[in-house]
Amino acid sequence: MPVTVRYFARMAEIAGCQSEEVSPVPATAAALFARLTQVHSFGFGIEALRVAVNDRLVGWESSLHDGDEIALIPPVSGG
Amino acid sequence: MPVTVRYFARMAEIAGCQSEEVSPVPATAAALFARLTQVHSFGFGIEALRVAVNDRLVGWESSLHDGDEIALIPPVSGG
Amino acid sequence: MTVALPRVSFLSDTPLATAELRRSLEHRSAGAVVVFEGVVRAHHEGRRVTGLEYTAFDLLAESEWDRLGAAASAAHDVIEIAGRHRVGTLAVGDCAVWIGVAAVHRAPAFAACEWLINAIKRDVPIWKRERYGDGRVVWRHDPCSAPPQMPIDGNRVAP
Amino acid sequence: MTVALPRVSFLSDTPLATAELRRSLEHRSAGAVVVFEGVVRAHHEGRRVTGLEYTAFDLLAESEWDRLGAAASAAHDVIEIAGRHRVGTLAVGDCAVWIGVAAVHRAPAFAACEWLINAIKRDVPIWKRERYGDGRVVWRHDPCSAPPQMPIDGNRVAP
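Chains as they are written, first to last, in numbering that gives the first Met the number 0: chain A, 0 to 78; chain B, 0 to 78; chain C, 0 to 158; chain D, 0 to 158.
The reader is advised that the hints may include incorrect statements.
The calculated label-pair distances, taken between Cβ atoms and stated as ranges, are [to be verified]:
1) A/Q37 - D/E44: 43 to 49 Å
2) B/A26 - C/R22: 50 to 56 Å
3) D/D133 - A/R55: 37 to 43 Å
4) A/I13 - D/G132: 46 to 52 Å
5) C/P14 - B/E12: 49 to 55 Å
6) D/G45 - C/D141: 45 to 51 Å
7) B/S22 - C/V7: 26 to 32 Å
8) A/D65 - D/D133: 43 to 49 Å
9) B/E68 - C/G134: 34 to 40 Å
10) D/D133 - A/D54: 33 to 39 Å
11) D/H43 - A/P23: 16 to 22 Å
12) C/P142 - A/E60: 55 to 61 Å
13) A/D54 - C/D93: 39 to 45 Å
14) C/V7 - A/E46: 51 to 57 Å
Reference listing, derived: stretches of chain C covered by chain B, where coverage requires no fewer than 3 residues with Cβ under 8 Å from a Cβ of chain B [as the list claims (entries may be wrong)]:
15) 49-55
16) 84-96
17) 109-122
18) 126-135
To be clear, the hints were calculated from the coordinates, so they are not data collected in a lab.
Being a predicted model, the structure only gives us computed values, none of them experimental.
Even for Gly, the Cβ is constructed at its ideal location relative to N, Cα and C.
Please model the entire structure based on the sequences and the hints provided.
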C-alpha cells in the first residue's frame, strides 16, 4: 500500500498535482523527499520545508508506514 | 476684574463649586494656588496638579491677568 | 473658497459608534488596523462596580488628543488615527474609549495604538467617578497620570 | 449526556463577520479589547494588486491556531481570544485575518494580540496568491515563515 504525498501552493503547481502516491514506501520523510526531488524541481530545499504525517507536524527522520499521508509544507504566507 | 478658577472631579467636590472668582489677581498661577489652599483643603499638592490658563497648559510661574480663566487639573483617570 | 468642515471631536456623550469609527480608518494602502477598546468592568480592586461617570475639561481634552495624535503620527509610520472617549454615565460593558490606527504594516499600528492609549490615560483631562455595589461613589485620580513636571513642550515619553 | 458542539473554525471561506467576532470577546471582567485586522492592500512592493487568493492546509491550520491560542493564553493574562482567517478569493480592502484578545488590563491584550498575528504569519499553513495589474499571478512564500527547525515541541519564540 503506497503513501500519499500532498502539495500546496507553488509546490502543487510545480508537481502538477495536489497529491500523488508513492510506493514502495520510503523509510523516512527525509527519504521520501529525496526521492521526490529526483522527479520534481521544487525550488525548495528540505531546510525550507516542514513536513506533516497524517495531519501532524513531525521531524524529517520520522518513519513512514503504509497508507500514511505526508504533507510537504513550503514557507507560509498567511496573515 | 477678577480671574476665574475652574475645578474638576474631586477638587470641585472639595471646593463645593465648579468655579469661583478670585480678586485681586495674584501675580502667578502658583501664587493663586497658594491663596486657594488657605480656603480649601484640596488634598492635592501643587506637585500633583497641572494648570491651564485660558484652556492652554502653562507653567506654574506664568503670570495672570484680569479676566483669565485658570483651570486646576488633578490627576486624570480617563481611558 | 474655504469651507469650514464640522470638526470631529474626541469626546462623545452618546454611545461610541464603533462601526463608524472603524470605517473612518479605511484606506487603500492600509494593510493593518489595530483597535483598542476600553470597556467598563464589573469589578475594580475587588469591589463590584455598578456604573460610572466620566467628566472632562472639554477644550483641553480635545487639544491634548490632537497633540497626542500628531505626536503618534510623527513617530510612527501610520496612515490614519481615530479616537473617541465617552463622557457622561456608563454601565458595565459599555465602551469607554476607542482608539484605532491604520498603517501599511502592523508593527507601527500596534506601537502607535498602545502608545496612544497610555498617553491618553496619562495626559488627557478626563476623570472617572465609580459607583460601587455598596452605594459608595468615588472619584478616581490615578497617581501615575498628570505628570508633576510641565508637559507644555510636548511628550515626556517618546511615542 | 455529552453534546458535541459545532466547532468554531479558524478558516472561513466567506467574508469575516467582524462584529460577531467582536461580540464573542464580551466578558464582565474584560476591561481591554485589542483587535488586529489584516486587510488586502492595493499595492505590494510597488506592484498594483487587483486581488488575491488564500489556500490552506485546513486540518493543520486549525490545529496550529489552537496551539498558538493556547500558548498565548498560557503566557499572557488574557480572558478570551478569537481569530479567523479567510481562504478563497479576496478583493482589495477585504479583511484577510481578524485577531481579537480581551483581558482585564490592556498590556497583556496588546502583547498577546501582536504575538498571535506574528505567530500566525510564521507557522500557520496558509498561502497567498496575488494577482497583479499586469496580469501576473504569483504565489507568495515568505522566507521568514516556516522555520527550518522542527516546531513540533511548541514555540520557538516565547509568546
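Hints, one by one, checked against the model:
{"no.": "1", "hint": "A/Q37 - D/E44: 43 to 49 Å", "result": "violated (34 Å)"}
{"no.": "2", "hint": "B/A26 - C/R22: 50 to 56 Å", "result": "holds (51 Å)"}
{"no.": "3", "hint": "D/D133 - A/R55: 37 to 43 Å", "result": "holds (40 Å)"}
{"no.": "4", "hint": "A/I13 - D/G132: 46 to 52 Å", "result": "violated (25 Å)"}
{"no.": "5", "hint": "C/P14 - B/E12: 49 to 55 Å", "result": "violated (27 Å)"}
{"no.": "6", "hint": "D/G45 - C/D141: 45 to 51 Å", "result": "holds (46 Å)"}
{"no.": "7", "hint": "B/S22 - C/V7: 26 to 32 Å", "result": "violated (39 Å)"}
{"no.": "8", "hint": "A/D65 - D/D133: 43 to 49 Å", "result": "holds (47 Å)"}
{"no.": "9", "hint": "B/E68 - C/G134: 34 to 40 Å", "result": "holds (35 Å)"}
{"no.": "10", "hint": "D/D133 - A/D54: 33 to 39 Å", "result": "holds (38 Å)"}
{"no.": "11", "hint": "D/H43 - A/P23: 16 to 22 Å", "result": "violated (44 Å)"}
{"no.": "12", "hint": "C/P142 - A/E60: 55 to 61 Å", "result": "holds (58 Å)"}
{"no.": "13", "hint": "A/D54 - C/D93: 39 to 45 Å", "result": "holds (43 Å)"}
{"no.": "14", "hint": "C/V7 - A/E46: 51 to 57 Å", "result": "holds (52 Å)"}
{"no.": "15", "hint": "49-55", "result": "holds (count 3)"}
{"no.": "16", "hint": "84-96", "result": "holds (count 3)"}
{"no.": "17", "hint": "109-122", "result": "holds (count 5)"}
{"no.": "18", "hint": "126-135", "result": "holds (count 3)"}
In the structure shown, a violation is registered for the earlier hints numbered 1, 4, 5, 7, 11, in ascending order.
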